[in-house]
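Asks: Please build the complete structure, drawing on both the sequences and the hints.
Here are the chains, one letter per residue:
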Amino acid sequence: MILAALVRKEVLLLSRDPHALGALLLMPTLFIVLMAFALSAVNQEKLPPIDVSFTSAATNTDTAFFKQALAKQLGEGHLRDATPDKTQVHLAADFSESLLDTDARTVQVTYPPSVDTVTRQRVRAIIQTGLAQSRLHAFLLETGDLSAEQPLAERLDDVAQRTQTLLDERELSNSGTPTEPANASQHSVPAWLIFGMFFVMLPMAHSFQHERQSGALMRLRCLDLDTFTMAFSKLAPYLGLNVLQFVGFLALGTWGLPLLGLPGLSMAGAPLAYAALAISLALAACTLGLAIATLARNAEQALLLSAGINIILAAIGGIMVPKSVMPDAMRHVAELSPMSWALDAFRALLVGHGDLTSVAPFCGRLLLFACIVGIFAIVLFRRRLRDMQWVAQV
Amino acid sequence: MLELRNVSFSYPGAERPALEGVNLDIGAGECLGLLGSNGAGKTTLFSLLAGLRQPQVGHIRWQIEGRPGLIPQQPAYYGQLSVRENLELFADLYRLQGKERRERMERCLEAATLGTLLNSRAHGLSGGQQRRLNFAIGLLQPAKVYLFDEATVGVDAQARQRLLDTVAQLPKEGCAVLYTSHYLEEIERVAQRIVLLDSGQVRLDLNKRQLLDGTPSLLLEWPHTVPPGLEALLARLGLSADPLPHGVRIARLDIAQLTEICAFLALQQEPPSLLRFGQPSLEQLYLHLCGGAL
Numbered sequence: 001m002i003l004a005a006l007v008r009k010e011v012l013l014l015s016r017d018p019h020a021l022g023a024l025l026l027m028p029t030l031f032i033v034l035m036a037f038a039l040s041a042v043n044q045e046k047l048p049p050i051d052v053s054f055t056s057a058a059t060n061t062d063t064a065f066f067k068q069a070l071a072k073q074l075g076e077g078h079l080r081d082a083t084p085d086k087t088q089v090h091l092a093a094d095f096s097e098s099l100l101d102t103d104a105r106t107v108q109v110t111y112p113p114s115v116d117t118v119t120r121q122r123v124r125a126i127i128q129t130g131l132a133q134s135r136l137h138a139f140l141l142e143t144g145d146l147s148a149e150q151p152l153a154e155r156l157d158d159v160a161q162r163t164q165t166l167l168d169e170r171e172l173s174n175s176g177t178p179t180e181p182a183n184a185s186q187h188s189v190p191a192w193l194i195f196g197m198f199f200v201m202l203p204m205a206h207s208f209q210h211e212r213q214s215g216a217l218m219r220l221r222c223l224d225l226d227t228f229t230m231a232f233s234k235l236a237p238y239l240g241l242n243v244l245q246f247v248g249f250l251a252l253g254t255w256g257l258p259l260l261g262l263p264g265l266s267m268a269g270a271p272l273a274y275a276a277l278a279i280s281l282a283l284a285a286c287t288l289g290l291a292i293a294t295l296a297r298n299a300e301q302a303l304l305l306s307a308g309i310n311i312i313l314a315a316i317g318g319i320m321v322p323k324s325v326m327p328d329a330m331r332h333v334a335e336l337s338p339m340s341w342a343l344d345a346f347r348a349l350l351v352g353h354g355d356l357t358s359v360a361p362f363c364g365r366l367l368l369f370a371c372i373v374g375i376f377a378i379v380l381f382r383r384r385l386r387d388m389q390w391v392a393q394v
Numbered sequence: 001m002l003e004l005r006n007v008s009f010s011y012p013g014a015e016r017p018a019l020e021g022v023n024l025d026i027g028a029g030e031c032l033g034l035l036g037s038n039g040a041g042k043t044t045l046f047s048l049l050a051g052l053r054q055p056q057v058g059h060i061r062w063q064i065e066g067r068p069g070l071i072p073q074q075p076a077y078y079g080q081l082s083v084r085e086n087l088e089l090f091a092d093l094y095r096l097q098g099k100e101r102r103e104r105m106e107r108c109l110e111a112a113t114l115g116t117l118l119n120s121r122a123h124g125l126s127g128g129q130q131r132r133l134n135f136a137i138g139l140l141q142p143a144k145v146y147l148f149d150e151a152t153v154g155v156d157a158q159a160r161q162r163l164l165d166t167v168a169q170l171p172k173e174g175c176a177v178l179y180t181s182h183y184l185e186e187i188e189r190v191a192q193r194i195v196l197l198d199s200g201q202v203r204l205d206l207n208k209r210q211l212l213d214g215t216p217s218l219l220l221e222w223p224h225t226v227p228p229g230l231e232a233l234l235a236r237l238g239l240s241a242d243p244l245p246h247g248v249r250i251a252r253l254d255i256a257q258l259t260e261i262c263a264f265l266a267l268q269q270e271p272p273s274l275l276r277f278g279q280p281s282l283e284q285l286y287l288h289l290c291g292g293a294l
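Going down the list, the protein sequences come from chains A and B. Start counting the first sequence at 1; every next residue gets the next number (the UniProt record's numbering). Start counting the second sequence at 1; every next residue gets the next number (the UniProt record's numbering).
Note that these hints are calculated values from the structure, not bench results. By construction, the Cβ of each residue, glycine as well, lies at the ideal position given by its N, Cα and C atoms. None of the hints are false.
In silico contact screen, one side only, chain B against chain A (beta carbon under 8 Å); selected entries: (1) T43; (2) F46; (3) S47; (4) A50; (5) L52; (6) P72; (7) Q74; (8) G79; (9) Q80; (10) L81; (11) L89; (12) L93.
Rough simulated footprint, nothing fancy, chain B against chain A, three-plus residues with beta-carbon under 8 Å: (13) 5-14; (14) 212-225.
Replies: Here it is, written out as C-alpha cells:
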C-alpha cells in the first residue's frame, strides 16, 4: 500500500511536469530524426558532391586528360573553371613534363577554411586517381596502345577500365554469418536513445529537490518509512519511463524514420537480448539519476550536475563523436562511460546481429554500475533523510 | 504519554545549546502552549519530538505507539497534486482504511473547509488555503500526540476559528497537543498549560488556570536578583510564589498581604523594576517574561 501510494505519487508528479516529458520524450525524438537526416548519406556511400575549381598554367593533351579524369570522378557540373571559395586545383606549367616523375609537385591544392578533413581526403583520392590515370594514359600513348586521334572521352573510358578496382566487400555478424551493411540509423538511433534515457537524471533530481525543499519529504521522513521503499518508489516510475523510451525510440527508428524518407532501423538480433539491454540500461540511468538527486544540495546544483554529467558521459562515451575517430587515449577514457557500454551492446545487436551472449558483457557492466551507484544513492538518500529539518531547507 | 528528561541538544559549531536540561511531561488530553522568542529552542524541541533529531543528553520516552501528527510551519505537501490527491496520498501513508479513512477525511475537510477545493491543484491555492491543506494533512494522521507549529499563519479569521475549535477538541478525545503560535490569544484559547522556553531552557511551566485564573496576582521583578528575605516573608504570610527570571509571581493575595509586601519592598535598597497587581493577559505576561521579544 505504501509503495503503491508513493509510486502513484511519483507517476502523477512526472505526468504533470511538461518540462520533464519534453526532455525525456520530445528532445530525444528530435535528436533521432535530425541526426538521421544529417547522417542519412553516411554508410550508404552517397556522400554529398564536392565542387572543385580547376586552373592550369599550361594546356596540352595531359592537362586536358587530367581535367577530364577529375570531372568524371566529381560528377557533372562539379568541376568549374577558376571559381573562388571552392577547393582549388592548379596544375603547374611543367605538369606534362613531370607527369611520370613521382617526386614532382605539379598539382597544387588549396582548401578554403570550410572544407573538413573527410572532404580533403576525398579530394586527395580523386586527384591521385586522376594522376594515376593520366600517367597510364601517357604511357599507353607512348607504347601505341592508345591513339591521340581517339576522342578524349573514349581514351578516358579505356584508361578507367584498365585502372578500375572492384572489391568484394562483405559484412559479417558477430556469429560470423554474412549480413547486410548497417545504415546510418543503426548507429545514430541507439546513440540518441541512450542519451535520452540518461536524461531521466534531470527530472529525478528536480523532483527530489522540490520535495525536499517543500517540506513534503520531511513529512515522509517523520513517518519512519523504510528508506529502500522510498528510494525504490522514486526509481520505479523512471524505470518504466526508460523502458517506454527504449521501445518507443526503437519503434521510431524502425517505422517512423522510413515515413520521412530516411533509412529505417533494421531490428536485428535476439529479442531477449534487447530486453536484457533495456533493463540494464534503465537501471544504470535511473540509479545514476537517484545518486545525482541525492548528491545535490539544492535545485540549482541538481540541474547543473544532472545536465553536466549527462553531456560529459555522452561526449566521452561515443554518443556525440564516434569512438572510431577518437585517439587511442580517448578511446580508453570512453570505456569509463556507461553510455559507451550501452552503445557497444546496441552495435553488437543491430550491426552484429547478436544474441544474449553478445550483449551479456555490456549488460553485466551496466548492472554492476547500477549496483554500485544504487548503493551509493541509497546511502546518500538515507543521509539526506537523516539531515531533514523541521523548517524549510533552501 | 510523553516524557522528556534532562533533554539537551546542541547544533554543531553553535556557541550555546539549543536545548538544555529540558524536563517536560505531557499527558493524555493535555494541550500545552509553547511560548518562546526566536531562537528559544521551540523548533529544536519540535524536531526532537518529530523524530528528526535525537537528544544528545537525556531521553524522550513515548508511552504510546505510533508517530505524532505534524502540522509544520511550512506547507509540507505536493503542489502539483490536487487537494484530494494529497489527502488520499497521506491517507495511504498513514495506512488509513475503510470507515476510519472516510471519517477522518470528512473531518479534516470540514475542519479545514476544503470541501469545494478538492480538485484544485495545491500550488494554485491561496496562502491561507494552503495552510488549511497543511493542517488537514497533519490532522488526518491517526495520532495520540499532535504538534502544531504556527499552524494558522495567513488563515482568515473565520477559518482560523474553525481550526482552533478542532485543535481544542483533540484533548477532549484523549490526544496530547503541543501548540506554538505567535498569536498568543490562540494559545490562551486552546492550551491548558503554558510552557515558556528561553535560551533552550524551560523557564516557566504553569497551568493556565494558575497563570490566568481570574484572581489578581502580583508580579515583581528586580534588575538583578530577588532581595533576601522575600521568601521568608511570603512563607510567613502563607503565600506561594512562582519563580520567574529575576522575580516572582504571587497569586491569590489579599490587600492586607499586599500591604505587608509593599512595606517590605519599601525597606529594600534596590526597588523592584516591575510591580504589577491585577490579572494580566497571556500576552502581557509573555512580553514581560521575555523582555518583549516575540
